[in-house]
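Enquirer: If you want the building blocks of each chain, they are given just below.
2 protein chains.
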Amino acid sequence: MKRDLHAHQRIVDRALSIAHEIGLEGLTLGVLASALNRSKSGLFAHFRSKEELQLEVLREVTARFTKTVIIPALAAPRGEPRVRTLFDGYFDWIRGRDRRSGCMLMALAQEFDDRPGPVRDLLVEKMAAWQETIARVVRTAIEEKQFRENVDPQQFAYEMMGIAMAFHHSNKLLKDPQAKRLARASFEQLLARSRSSQRGDIQRKSSRKAA
Amino acid sequence: MKRDLHAHQRIVDRALSIAHEIGLEGLTLGVLASALNRSKSGLFAHFRSKEELQLEVLREVTARFTKTVIIPALAAPRGEPRVRTLFDGYFDWIRGRDRRSGCMLMALAQEFDDRPGPVRDLLVEKMAAWQETIARVVRTAIEEKQFRENVDPQQFAYEMMGIAMAFHHSNKLLKDPQAKRLARASFEQLLARSRSSQRGDIQRKSSRKAA
Numbered sequence: 372m373k374r375d376l377h378a379h380q381r382i383v384d385r386a387l388s389i390a391h392e393i394g395l396e397g398l399t400l401g402v403l404a405s406a407l408n409r410s411k412s413g414l415f416a417h418f419r420s421k422e423e424l425q426l427e428v429l430r431e432v433t434a435r436f437t438k439t440v441i442i443p444a445l446a447a448p449r450g451e452p453r454v455r456t457l458f459d460g461y462f463d464w465i466r467g468r469d470r471r472s473g474c475m476l477m478a479l480a481q482e483f484d485d486r487p488g489p490v491r492d493l494l495v496e497k498m499a500a501w502q503e504t505i506a507r508v509v510r511t512a513i514e515e516k517q518f519r520e521n522v523d524p525q526q527f528a529y530e531m532m533g534i535a536m537a538f539h540h541s542n543k544l545l546k547d548p549q550a551k552r553l554a555r556a557s558f559e560q561l562l563a564r565s566r567s568s569q570r571g572d573i574q575r576k577s578s579r580k581a582a
Numbered sequence: 372m373k374r375d376l377h378a379h380q381r382i383v384d385r386a387l388s389i390a391h392e393i394g395l396e397g398l399t400l401g402v403l404a405s406a407l408n409r410s411k412s413g414l415f416a417h418f419r420s421k422e423e424l425q426l427e428v429l430r431e432v433t434a435r436f437t438k439t440v441i442i443p444a445l446a447a448p449r450g451e452p453r454v455r456t457l458f459d460g461y462f463d464w465i466r467g468r469d470r471r472s473g474c475m476l477m478a479l480a481q482e483f484d485d486r487p488g489p490v491r492d493l494l495v496e497k498m499a500a501w502q503e504t505i506a507r508v509v510r511t512a513i514e515e516k517q518f519r520e521n522v523d524p525q526q527f528a529y530e531m532m533g534i535a536m537a538f539h540h541s542n543k544l545l546k547d548p549q550a551k552r553l554a555r556a557s558f559e560q561l562l563a564r565s566r567s568s569q570r571g572d573i574q575r576k577s578s579r580k581a582a
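Here the protein sequences line up with chains B and W, keeping their order. For the first sequence, my numbering gives the first residue as 372, with consecutive numbering after it. For the second sequence, my numbering gives the first residue as 372, with consecutive numbering after it.
Worth double-checking, as some hints may not be accurate.
A pair holds if it fits inside one copy or across any two, identical chains being indistinguishable in the list.
In silico SDA-like links for lysine to any residue, alpha-carbon gap of 20 Å or less [what the hints assert, rightly or not]:
id, residue 1, residue 2
1, Lys421, Arg449
2, Lys516, Pro448
3, Lys546, Asp492
4, Lys438, Lys551
Hints are computed from structural coordinates only; laboratory data are not their basis.
All chains, full assembly: derive it from the sequences and hints.
Expert: Following this line, the structure appears as structure tokens:
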């Protein structure tokens, strides 16, 4: 049984590498079978359909994401250090520390944004959960009084995603040597304007409004 | 001759629609021929290769982008109104005002980021030119003293791209009803912290550093 699980994992790993090259939609049982030099019917014992294969690859990518990006952040102290660790982990992930899955979630988001079905549904669920994780970690910084009370965690998550996506674009497509500097500066700016040291300004503004 | 140009344009329009559905890499002369119910050899008079066809479709998308997003912004008054018009146009483009080409540049950026060749080269050239256009328009706002002197136009362009990309993601994949509000709020925030009304703060900070 243990050996079977290992064999299954090896097949999923290989499927993930192929999906990384050609996209998840191109990953059929036939393509996987010929890459593994196996019969297609042998693969049916592992995946009953192309869709099941795709779902399993997607689960594998998100499991790696959780292990590489989310778990280490949850081990960091609550508040800004945790927000920072989360961003750093995401940044490294996009740069492709784990080359077989790095960037793949962004590729999938683009590939499946107009392909309805269970793969898209699972992807949407996972991406929404990721944005909710960012928001939850931002809330720890508000609770610790490191971020202002009126920071909108959803807005912070949205902007952090934007910084990451622009980095992916500048780094991978444009190969802009400034990409890293621009991403870092944007994120530091986002942190700076979330910090509670600016609270004075905001309170003045709200009392002016109330008056 | 004029009729030939019209015929050619109709073929390019059709090719663009197909590329929008299946991606540019899937757009072969064979696929286009069967969509048009024509012979593949008849298409050779228009495009000598799949690559030439792809390049022409990409040129068509970017020409529409220039006409829809850039030209109207250049007609707006220099400075913040022009920056705002540029963002609004880009925002509408991403939402798919022109359904056949909206979002397509983002899909292409993802599709070709690891496919070296003339299509990728042209795409990189066009995307870099777009970011430079944003930076140039931001410079008019600095020259008009509406934005602070120390606003980094490249950084502004990077953050504006990030806001747009996160919007595309939230709107198209996640179908988040908050997507528009979050994009608008992020952009207003970017404008607010670029405006020269904040100059006092910055000058205080620099003189403190100098002291």
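Enquirer: Taking the hints in turn, state whether each one holds.
Expert: Against the structure, the hints come out as follows:
1. Lys421 to Arg449: neither (41 Å within a copy, 54 Å between copies)
2. Lys516 to Pro448: Within. Shortest intra-copy distance 14 Å satisfies the 20 Å Cα cut-off; inter-copy 43 Å does not.
3. Lys546 to Asp492: between (32 Å within a copy, 11 Å between copies)
4. Lys438 to Lys551: Classified as neither; 23 Å inside a copy, 32 Å across copies.
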